[in-house]
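Protein sequences appear in the order of chains E and B. In this text, residue positions in the first sequence follow the numbering used here: the first is 1, and each later residue adds one. In this text, residue positions in the second sequence follow the numbering used here: the first is 1, and each later residue adds one.
Since the hints were derived computationally from the structure, they do not count as laboratory data. All figures in this text were calculated on a predicted structure; none of them were measured in a lab. Be aware that one or more of the hints could be misleading.
[Said to hold, decoys possible] Taking CB as the label site, the calculated pair distances span:
#	chain 1	residue 1	chain 2	residue 2	range
1	B	P5	E	D42	38 to 44 Å
2	E	V177	B	P75	20 to 26 Å
3	E	A234	B	G17	32 to 38 Å
4	E	F111	B	A15	43 to 49 Å
5	E	G300	B	P74	37 to 43 Å
6	E	A227	B	T58	48 to 54 Å
7	E	T148	B	G30	52 to 58 Å
8	E	A34	B	T73	49 to 55 Å
9	B	L122	E	A227	27 to 33 Å
10	E	G335	B	P70	42 to 48 Å
Note that the Cβ used here is the ideal one computed from N, Cα and C, for glycine as well.
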Amino acid sequence: MRVAIKGVGTTSFGKQPETHPSELIWRATAEALADAGVDRVDSVFVGTVFGAPGVAQRALHAMGICGVPIITVENACASGTTALHEAIVAVDSGRYENVLAVGIEKMTDSFSGAIHPEPTDAEGRAGLALPSLYAMAASRYQALYGLTDAELAMVAVKNHGHATQNPRAHHRTPHTVEEVLASRMIADPLTLLQCCPIADGAAAAVVGRPGSGAHVAVRGSALRSGAPWDHNSAHVWGFDLIAATAADAYAMASVGPGDLDVIECHDAFTIGEIVTTEALGLARLGEGAGLLHSGHTRLGGPQVVNPSGGLLSRGHPLGATGLAQLAEIVWQLRGQAGGRQTAAPRWGAVETMGGGVSGLDGNACVVVLLEKVGR
Amino acid sequence: MTTLPDPRPRAKAGADGVFRITGWLCTSCGHRLLVHPPRCSRCLSPALEVSEFGPTGTLWSSTVVRIAVPGRTPPYALAYVDLDDGPRILAEIIGVAERVSIGTRVALSSQSDIGDLRVEMLL
Numbered sequence: 001m002r003v004a005i006k007g008v009g010t011t012s013f014g015k016q017p018e019t020h021p022s023e024l025i026w027r028a029t030a031e032a033l034a035d036a037g038v039d040r041v042d043s044v045f046v047g048t049v050f051g052a053p054g055v056a057q058r059a060l061h062a063m064g065i066c067g068v069p070i071i072t073v074e075n076a077c078a079s080g081t082t083a084l085h086e087a088i089v090a091v092d093s094g095r096y097e098n099v100l101a102v103g104i105e106k107m108t109d110s111f112s113g114a115i116h117p118e119p120t121d122a123e124g125r126a127g128l129a130l131p132s133l134y135a136m137a138a139s140r141y142q143a144l145y146g147l148t149d150a151e152l153a154m155v156a157v158k159n160h161g162h163a164t165q166n167p168r169a170h171h172r173t174p175h176t177v178e179e180v181l182a183s184r185m186i187a188d189p190l191t192l193l194q195c196c197p198i199a200d201g202a203a204a205a206v207v208g209r210p211g212s213g214a215h216v217a218v219r220g221s222a223l224r225s226g227a228p229w230d231h232n233s234a235h236v237w238g239f240d241l242i243a244a245t246a247a248d249a250y251a252m253a254s255v256g257p258g259d260l261d262v263i264e265c266h267d268a269f270t271i272g273e274i275v276t277t278e279a280l281g282l283a284r285l286g287e288g289a290g291l292l293h294s295g296h297t298r299l300g301g302p303q304v305v306n307p308s309g310g311l312l313s314r315g316h317p318l319g320a321t322g323l324a325q326l327a328e329i330v331w332q333l334r335g336q337a338g339g340r341q342t343a344a345p346r347w348g349a350v351e352t353m354g355g356g357v358s359g360l361d362g363n364a365c366v367v368v369l370l371e372k373v374g375r
Numbered sequence: 001m002t003t004l005p006d007p008r009p010r011a012k013a014g015a016d017g018v019f020r021i022t023g024w025l026c027t028s029c030g031h032r033l034l035v036h037p038p039r040c041s042r043c044l045s046p047a048l049e050v051s052e053f054g055p056t057g058t059l060w061s062s063t064v065v066r067i068a069v070p071g072r073t074p075p076y077a078l079a080y081v082d083l084d085d086g087p088r089i090l091a092e093i094i095g096v097a098e099r100v101s102i103g104t105r106v107a108l109s110s111q112s113d114i115g116d117l118r119v120e121m122l123l
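The following block holds chain E by itself, in its conformation from the complex:
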């Protein structure tokens, strides 16, 4: 595949109820266009879940992006990464030269606490708020593999620690295991500091053909929806979908999990990072906590996971998250990540998982593999 990430941009993340969604899109898009050195794009893919109809057109026409196709996609938490994937495919197929991918979510316009369960969904209607879906996975995983509450909390400690070096993160306060476990219980065994905060934000990327100079190349990009998740499913929710999507991306890029240097993955809840690192192949099934004990995935370790602070600390404006993850990996590969810079990474990965439909092993998962080329 001959596709590059030419530029990225994000807003700051956090509760910013007074900021209009268009303002968020403008900030992220202007930064991405300037970073890419591009004035015009040939099409736009937009990721949002709760965005108002026309949320992207309302913002983009005012900055002169009009006339071109603008396509809005919804794939739960993976909406932004789905927009990115479609932009990558559109460039790779030769359909467009430069494509803008934008993710936007103004969560504070819709929610003050956890996202309300969806009333047309059987499990949503039965009161299974999203934290409780992950809590079910955590309870099952703890019983099968002996994962302790303190080990779960270690994910939050690591990622909150990383976020102290990320000026755009929502929560930049470090926490101890004891503080994480002492925070309010949300859905057993997940406490408040193990759940990503509701945040507002936008993120954007310009996807195009690689030039002759140093750049960040896309080597693999995969998108799948889940298989049925029911009494025949062997694993906790999401594991099989992430593993299958990652396998697609690894095959495209001709690399394996051992080649990755830096990873941004879906840690909406602490158990999510443990299950995801195993599904990506960084650890064997049931052994994900070992990565935390050894410091393997902590800043300074050989395969850093969520150097930005992850969803747990950056916050999770659903549609923006995937493109914020991408921006972090691009900054890491270019050596622009400041106090959270990992040591000379060559290969990076972005993984986002979206869920919420009963009986399905995930609405969507996206895995994108990136390589630094030149210098």
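Assemble the complex: chain E is given as a structure, and chain B must be docked to it using the hints.
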């Protein structure tokens, strides 16, 4: 709460007074479903017939929801239960305030007045 059609599985007491779930059985491949789509999700056969599942099953996992969810008063215990003869269901566990161990034997006990499936632990 809402006027949307209720998407949750239906439980009803039979002549023997025992609650069972009304679902659908694929007569082609034996897959058991909680909804009635135009064809089986596994083998794609349209041959689905009404069937009853339960009442007993094994707890797959559980949690206690401690945050406010519209229409409900926390805390409440929820479980995924694999019924002995069929699908995995989501149900409220009655009479407990903490998580219940996986593998615990449970039985359907009722459907609450707001439509939630309920299970109780078997001794």
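Tested hints:
1. P5(B) <-> D42(E): 38 to 44 Å: The hint (38 to 44 Å, Cβ to Cβ) holds, given that P5(B) and D42(E) are roughly 43 Å apart.
2. V177(E) <-> P75(B): 20 to 26 Å: The hint (20 to 26 Å, Cβ to Cβ) holds, given that V177(E) and P75(B) are roughly 24 Å apart.
3. A234(E) <-> G17(B): 32 to 38 Å: 36 Å, holds
4. F111(E) <-> A15(B): 43 to 49 Å: For A15(B) against F111(E), whose Cβ atoms are near 46 Å apart, the range 43 to 49 Å holds.
5. G300(E) <-> P74(B): 37 to 43 Å: 40 Å, holds
6. A227(E) <-> T58(B): 48 to 54 Å: 22 Å, violated
7. T148(E) <-> G30(B): 52 to 58 Å: With a Cβ separation near 40 Å, T148(E) and G30(B) fall outside 52 to 58 Å, so the hint is violated.
8. A34(E) <-> T73(B): 49 to 55 Å: 51 Å, holds
9. L122(B) <-> A227(E): 27 to 33 Å: Because 31 Å falls inside the window, the suggested range holds.
10. G335(E) <-> P70(B): 42 to 48 Å: The hint (42 to 48 Å, Cβ to Cβ) holds, given that G335(E) and P70(B) are roughly 47 Å apart.
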